[in-house]
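As a plain string of letters, each chain reads:
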Amino acid sequence: MTTAQSSIAVVAPAGLLKPPRSLWSDAWTQFTHHKLAMAGLATLALLVLATAFGPFVYATKINEIDFSQSLKGPSATHFFGTDDLGQDLFARALLGGRVSIAVGLVAVAISITLGTLVGALAGFFARADGPLMRFTDLFLSLPQLPLLLTVIYLFRDQLRAKFGPELGIFLIIVVVIGLLNWMPVARLVRASFLSYKQKEFVEAARCVGAKNGRIIFKHIMPNVMSQILVAATVGVGAAIITESALSFLGLGFPPDVPTWGRLLFDAKDYLDFAPHWAFFPGLLIFLTVLSVNYIGDGLRDALDPRKTG
Amino acid sequence: MTQGSAVRRGLLASAAAALIVASACSSPGATTASSAPSASGAAFKRGDGGDLKILYWQAPTILNPHQATGTKDNDASRLVVEPLAAFGPDGKPVSNGIAEIPTVQNGGVTADFTSVTWKLTPGLKWSDGTPFTADDIVFTWQYISDPTTASPDLATMETVKSVEAVNATTIKVSYKAPQPNYYQFGVGPNQGILQKAQFKDFIGAKAKDAPGNLKPIGTGPYVVSDFKTGDVVQYAMNPNFRDPNKPYFKTVTFKGGGDATSSARAVFQTGDADYSWNLQVEPAIIHSLADNSTKGTLFTAYGSLVERILVQFADPNAAGDARGEPTTKHPFFSDIKVRRALAMATDRATVAKELYGDGLTGKATCNILAGVGDAESKNTAALDVCKYDPAAANKELDDAGWVKGSDGVRAKGGVKLKVIYQTTVNSVRQKTQEIMKKNWEAVGFSVELKSVNSGVFFTNTDPNGANHFWADLEEYANNSDPDATSYMLGWTSQHIAQKSNNWNDTNYSRYANPAYDTILAQLQKETDAKKRADLFVQANDILIKDVVVIPLIWRTFATSGYSKTLKGVVPNGWDSEMWSIADWNK
Amino acid sequence: MGRYVLRRLLIAIPTLLIISFVIFMILVLAPGDPLSQFGADPRVPPEVRENIKHALGLDQPPPIRYVNWVTAMLRADFGYSFMSHSPVLGLIQQRLPTTLAVVGVAYVIGALLAIPIGMVSAVKRYSLFDHIATGFAFIGFSVPTFFTGTILILVFSVGLHWLPFIYDSTLKVTDAKSLGEQLKQSIMPITVLALFNTATIARFMRAEMIEHLPLDYVRTARAKGLLERIVILRHVLRNSLIPIVTLVALGIPAVFAGAVITEQIFRVPGIGELLIRSITDSDTPVVAAILFVFAVLVVLFNLIADVLYGVLDPRIRYS
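Protein chains in written order, with this note's numbering: chain C, 1 to 309; chain A, 1 to 586; chain V, 1 to 319.
For the record, the hints were derived by calculation from the structure and aren't laboratory data. Where hints are given, some of them may not hold.
Unchecked claim - For lysine to any residue, the following SDA-like pairs were computed, each having C-alpha atoms within a straight-line distance of at most 20 Å:
1. Lys295(A) / Leu160(V)
2. Lys124(V) / Leu36(C)
3. Lys450(A) / Pro165(C)
4. Lys197(C) / Val245(V)
5. Lys250(A) / Thr170(V)
6. Lys353(A) / Ser68(C)
7. Lys206(A) / Asp59(V)
8. Lys162(C) / Lys450(A)
9. Lys61(C) / Ser446(A)
Please build the complete structure, drawing on both the sequences and the hints.
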């Protein structure tokens, strides 16, 4: 629920859409009829709840080192098995999910919001197009890795002092991943806007005196939604994986903080004799991305003006 | 990514060196050191073999050893560019056919260790057919010792006064002062001889423009036929090699890139590589790949490489310009009892067993100077700070008035035992960090782990680097020259890394102890081998007793794999892994 | 349109100057220095470091270095690599063919597979085919390439001994046999990359087609009695290509920048591998040159995309 609402908020910023209550309940009814979307929502809710509260319920510590238990497969005592230090992978996956899901969703929320905004403005207002797209070109050309190195180098200490080592680095990672991934969304949204703003229904809306804001958000945006949602789905997986690549370069979280991407990375050299280590975090990332996708699918259908209209 | 040690170049060996040839593990056939390479009497015929495939997971980028940036470059150039002699597995020089080994006995070395005379084998040729003469050696000395050449090997020439050509086949090396390590010039992995004709126009500032940097002419068994920078070097046989029976392989392919685990797969599982370099990964992985391999054998060789944890003596959190300066004092590590407790809570045996396979890739040690024969201390094992004893650590802290708070962290006078512990990004080190964190938190420390990319860690310019050491503890590996004087100078007060010298010095801990300084001053004068060894032991023991540094593991210097069909590979902890390549055959 | 293109090309010059300045400053501010390899070596004294710095031109202030660099770039002089002491242009030229042969081919295959897969998925939404395609797509972007690469190596190199996993860049294709070897060593890296590309593009294709299928013009076309195949291919496909063109245009510069992780796993000497190694070694001339070429390609291909929009949808006009 929470997630679904926040996704709506992302694509239709508050205040601009002031529909009667009925539209929302209509959409919700539509949504509940979409079986896969409901399954996706249930899965994501389960994952979020499990990672948020699981670590409190599940007593095994993430850093209990026990070499006599190293590289054991799944069992009643260790649901996901253990890693080479004998640490419980279920506990690590639960805690790791917090970071990974949060990084995935927040970074994508940032990039989608920014990308949609820039793309819509550039596509709709011809005068804004040039400067905004050159600005997009600039960001597209920025080197992700050196930029991250620089940003983390410049700000790690301040943020660490202010928010602690984990929250500080979380903010950097989320903001940087978000700020470096809005450009494709902007280009996509702009391209669709360029095409749609010449279409008859937009002309018609203009004729009846609709204001620009209304045309953008009420008339054109729903048509662009499906692109944005696909971009969001792809983005969640990419953000989770990017986070693990950062740890690999020593730019991510402190080395003892597990994340799904990190677990997967650590497990790759053990694939042939301890496949369980990689299997579970891989499966969890897959499920997260898949459920975000089906929720997106359901949302698109539910908000489709042609269906509800 | 960088699995290797902090320093893998610049190794020299002298008096005594330990070599341990370990079998891969219990089951596969153990490797035994064959006799040192000799200039004649090979059991094979030149050019009978096909292509030799060598795999390094770091790719060579330059083939001039005196412009090299890492082991990969030095090793790739060693097939072509050779020193006057190699260091053998026992740390003593071995003739490679270029020159006779000078000793005090044969009169080549003067009794006061100030001058060494090398006699070259007559008739030697460069691979292009021109004669190899004393002039080339003199030129190489001039090339490296010109500061504007900017060679990383410049420091190895600091003690050299002059290198003169007595005649075409005799040279005389003079040292500025008695030099106990009289093979400093000319022997070992970073002393390759360059051809004067090829480099004479590229000395000094023009050194970087030399075409020879990518295709040097040498005296080695092979010549470079093609070099794709950062990817692969291809070699052909040297048509003018001094031994007409060698080398065995028609061509050599030296491929770089990838990661250590898949390099191990290539030699143990698929047989795609004949030789695979530096496979130091977790023992579980090594065992799973190498134990029952029908294709390859693992071999290791020890030098003096020690994985250690440094303790910070200055205050890494002091405000402004005072941060980490020797004028400041660490809030709690300035208390010897806290340092002792930290050392006693350190379970190096578990690290050695689980992460280094108890002798597979390293052994527990409590000496910072290890693998150097008589100069290695035998006293430390009995010390309390070398024994893992959490109860004793707790008691030490209790006695000193550090009291556990509700969060389990000890404090005294408002100062909490909270440490930041940094090292490079490397999976074995990250696991070591986790074990240490567990160990230390059990006795009342609070530990925050930090990992830094090795490219950033090993610089003097970055606040996250080892030199600044703006943390409480840091871990890395380093090794000593065979003569450990310059290595042990890294804890003297004269060498404290600080802002005024741009953190460009070797005492990162900011340790200052007049008693230690005095021993090192004596070491810089003493020429008697026995007395030197005693002094080294004393210096080592001070550092351990005072818990300036916590040595963890005596690591293998070389940890590589080679095909079971490949013969002639001799493990060596003191020279390049390619030192005996002229003798490799199948 | 001609005037539009000309104006865009003129604007590209100041754009690129600004981009290059930003990139250069990021590189200057970034931590690490090319001397890091000697960093922990106590035998390298301070004066040697200063000499190396001077020899590399690192002792000058950043603005001067920027001006020197840009003017050199304008003369097509890409500078010298700190690490290999050879011209950067040569390094890039050496690696471009391999990059195109692996990353480029994977990209083309990805795009070519994605369009039909996306179409079928959209037309037969929630069919078995769609579910399988969706499943694969999600494996494609939820499983990192280091992981798929390792699995392929374990199965096809270690297990079956079918394919080599060490890319041999010295192989020259001269006959059928060497062509076969080239194919064998390219299959795995291309598969890993194509999986990701196909997955992404197919999802966008599918989404856009689904968007268009219920629209009035499609109904009109069907009502006219046109064959369904013609309706899909002539009308829906053409109208759905705008986002695909956008994506493909964004992806081509990325092909030039290479695929870092895949190149590393299979030891493919591509530009991605050169870039990442140069970044970790702080080999700034190489990094700057690659990023500059990348920026030029970004600007160029986004212009091409803008022109193509007009071709696909004649109603799109630029003022």
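Status of the hints after comparison with the structure:
1. Lys295(A) / Leu160(V): This hinted pair holds, its Cα atoms lying about 15 Å apart.
2. Lys124(V) / Leu36(C): holds, 16 Å
3. Lys450(A) / Pro165(C): Distance ~9 Å between Lys450(A) and Pro165(C) Cα, so the pair holds.
4. Lys197(C) / Val245(V): Since the Cα atoms of Lys197(C) and Val245(V) sit roughly 18 Å apart, the hinted pair holds (cutoff 20 Å).
5. Lys250(A) / Thr170(V): holds, 16 Å
6. Lys353(A) / Ser68(C): OK: Lys353(A) and Ser68(C) at ~12 Å, within 20 Å.
7. Lys206(A) / Asp59(V): Cα-Cα ~17 Å, so holds.
8. Lys162(C) / Lys450(A): Roughly 17 Å separates the two Cα atoms, so the pair holds.
9. Lys61(C) / Ser446(A): Judged against 20 Å, a Cα distance of about 17 Å means the pair holds.
In summary, the structure agrees with every hint in the numbered list given earlier.
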